[in-house]
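Undergrad: Put together the whole structure using the sequences plus the hints.
Those protein sequences? They're chains A and B, same order as listed.
Reminder that position 95 of the first sequence reads as 95 in my numbering, one-by-one numbering, no gaps.
Reminder that position 42 of the second sequence reads as 42 in my numbering, one-by-one numbering, no gaps.
To be clear, the hints were calculated from the coordinates, so they are not data collected in a lab.
Warning: the hint list may mix true and false statements.
As the list claims (entries may be wrong) - Simulated DEER-style distance windows between Cβ atoms:
#1 B/Glu95 <-> A/Thr98: 50 to 58 Å
#2 A/Asp143 <-> B/Lys43: 38 to 46 Å
#3 A/Thr132 <-> B/Thr47: 38 to 46 Å
#4 B/Gly61 <-> A/Gly35: 56 to 64 Å
#5 B/Thr47 <-> A/Lys43: 30 to 38 Å
#6 A/Thr98 <-> B/Ser135: 16 to 24 Å
#7 A/Asp128 <-> B/Lys23: 52 to 60 Å
#8 B/Gly61 <-> A/Gln5: 42 to 50 Å
#9 B/Glu95 <-> A/His112: 32 to 40 Å
#10 B/Ser135 <-> A/Lys43: 43 to 51 Å
#11 B/Thr49 <-> A/Glu124: 34 to 42 Å
#12 A/His40 <-> B/Leu145: 41 to 49 Å
Using N, Cα and C, we set each Cβ at its ideal position, and we do this for glycine too.
Number of protein chains: 2
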Amino acid sequence: MHLTQFSDYSLRLVLYLACHPEKVVSADEISRAFGISRHHLVKVVQTLTDLGVVEAQRGRGGGMRLAKRPSEINVGWLIRRTEPHFDLVECFDPEANTCSIAPACGLKGALHRALNAFLGVLDEYSLDQLLTQRSDLVTLLDDSLRRGAKSNHAGGG
Amino acid sequence: MHLTQFSDYSLRLVLYLACHPEKVVSADEISRAFGISRHHLVKVVQTLTDLGVVEAQRGRGGGMRLAKRPSEINVGWLIRRTEPHFDLVECFDPEANTCSIAPACGLKGALHRALNAFLGVLDEYSLDQLLTQRSDLVTLLDDSLRRGAKSNHAGGG
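TA: Here it is in C-alpha cells:
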C-alpha cells in the first residue's frame, strides 16, 4: 500500500515552498533540490495551481509561491485531491467491481472505516505542522542544491 | 491508494473458506466463484498455507480448508502479511529513499500515525465479523458458480 508518486511530489513541492516563503521558486529549482523529474513536477504545479494551493508568477524571474499560508493548507485535504482514488479493493468502485459477494460482504465496511481513520489523522495536520524543523529543512535543501550543482559541474567536465 | 490484488484475493479466499466450513474446497472452485485467475490464487494458497491460515488436503478430492476458526483469524494481522509493504512514500524505506529532507521532515511522522490508525481499525476485526450476512454470501457464491458453469456450457456449445 502506498501513495502515488504524484502525491509524494505534491507534498515535497508544498514543503519546499513553505520553507522559502521569501522568494518565488522555479520548478527547476525544486526538481534539483529533490533530484526528481522536472517533467513530473510541471504536472504537479498545474494541479496545485488549479487547487488554489500554488500561484504562478509569469515572466522573467517567474516561478511560483504558495497561494495560502502553510497553516491554511490541510494535509488530508491535499492528499484527497492528489491521489487519483482510494479504491482499496475492487468493490470500492461499483462500476469496476466484478466481485460476486460485494452486496453482502463485511470487508468493505471494515476497509472504509480503516480508510476514514487514515484520512482522519491526516486531517489533523496543516502544512506548517510538518515544518517544526524548518531551519534544518532549509539547510538540507540548500545542501542538496549545492551537491547537485557540483555534480553537474563535474559532469560538464 | 489501494491494496494489492494479492491481498484482495487472499481476503476473498479466506471469506470463501469461512462460508463453507463443511467442505474441502479446490482453488479451481474459488477461482470460478469469483471469476479470477486460478494461477494467481495458487500463489495465494501457498502464502496462506505458510502462514498457517489454510491447510491443504492432498490426493483425490483434495483441496483446502481454514486451519483456524474464522474468529481466530485477525484481518489486520492478515493484511500486514499479504501486503508486500506499507511504504506510503519513499522515505518509509531508508534503503530506497532519495528524498533530501527525510531527516527533518514532519510528513513521515504524520503518515506513520495515519497508517497505524488504518491498521488499528483492521486489527479490531476477525474474519467471522465480516460474515454477518453469511447465508447471503453463500447464495451469492453459489449463484456465481452456477452462472460460470452455464457460460462455460454455452461456450462449449
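Undergrad: Decide, hint by hint, whether the structure agrees.
TA: Taking the hints in turn, this is what the structure says about them:
{"no.": "1", "hint": "B/Glu95 <-> A/Thr98: 50 to 58 Å", "verdict": "violated (37 Å)"}
{"no.": "2", "hint": "A/Asp143 <-> B/Lys43: 38 to 46 Å", "verdict": "holds (44 Å)"}
{"no.": "3", "hint": "A/Thr132 <-> B/Thr47: 38 to 46 Å", "verdict": "holds (41 Å)"}
{"no.": "4", "hint": "B/Gly61 <-> A/Gly35: 56 to 64 Å", "verdict": "holds (58 Å)"}
{"no.": "5", "hint": "B/Thr47 <-> A/Lys43: 30 to 38 Å", "verdict": "holds (37 Å)"}
{"no.": "6", "hint": "A/Thr98 <-> B/Ser135: 16 to 24 Å", "verdict": "holds (22 Å)"}
{"no.": "7", "hint": "A/Asp128 <-> B/Lys23: 52 to 60 Å", "verdict": "holds (58 Å)"}
{"no.": "8", "hint": "B/Gly61 <-> A/Gln5: 42 to 50 Å", "verdict": "holds (48 Å)"}
{"no.": "9", "hint": "B/Glu95 <-> A/His112: 32 to 40 Å", "verdict": "holds (33 Å)"}
{"no.": "10", "hint": "B/Ser135 <-> A/Lys43: 43 to 51 Å", "verdict": "holds (49 Å)"}
{"no.": "11", "hint": "B/Thr49 <-> A/Glu124: 34 to 42 Å", "verdict": "holds (41 Å)"}
{"no.": "12", "hint": "A/His40 <-> B/Leu145: 41 to 49 Å", "verdict": "holds (45 Å)"}
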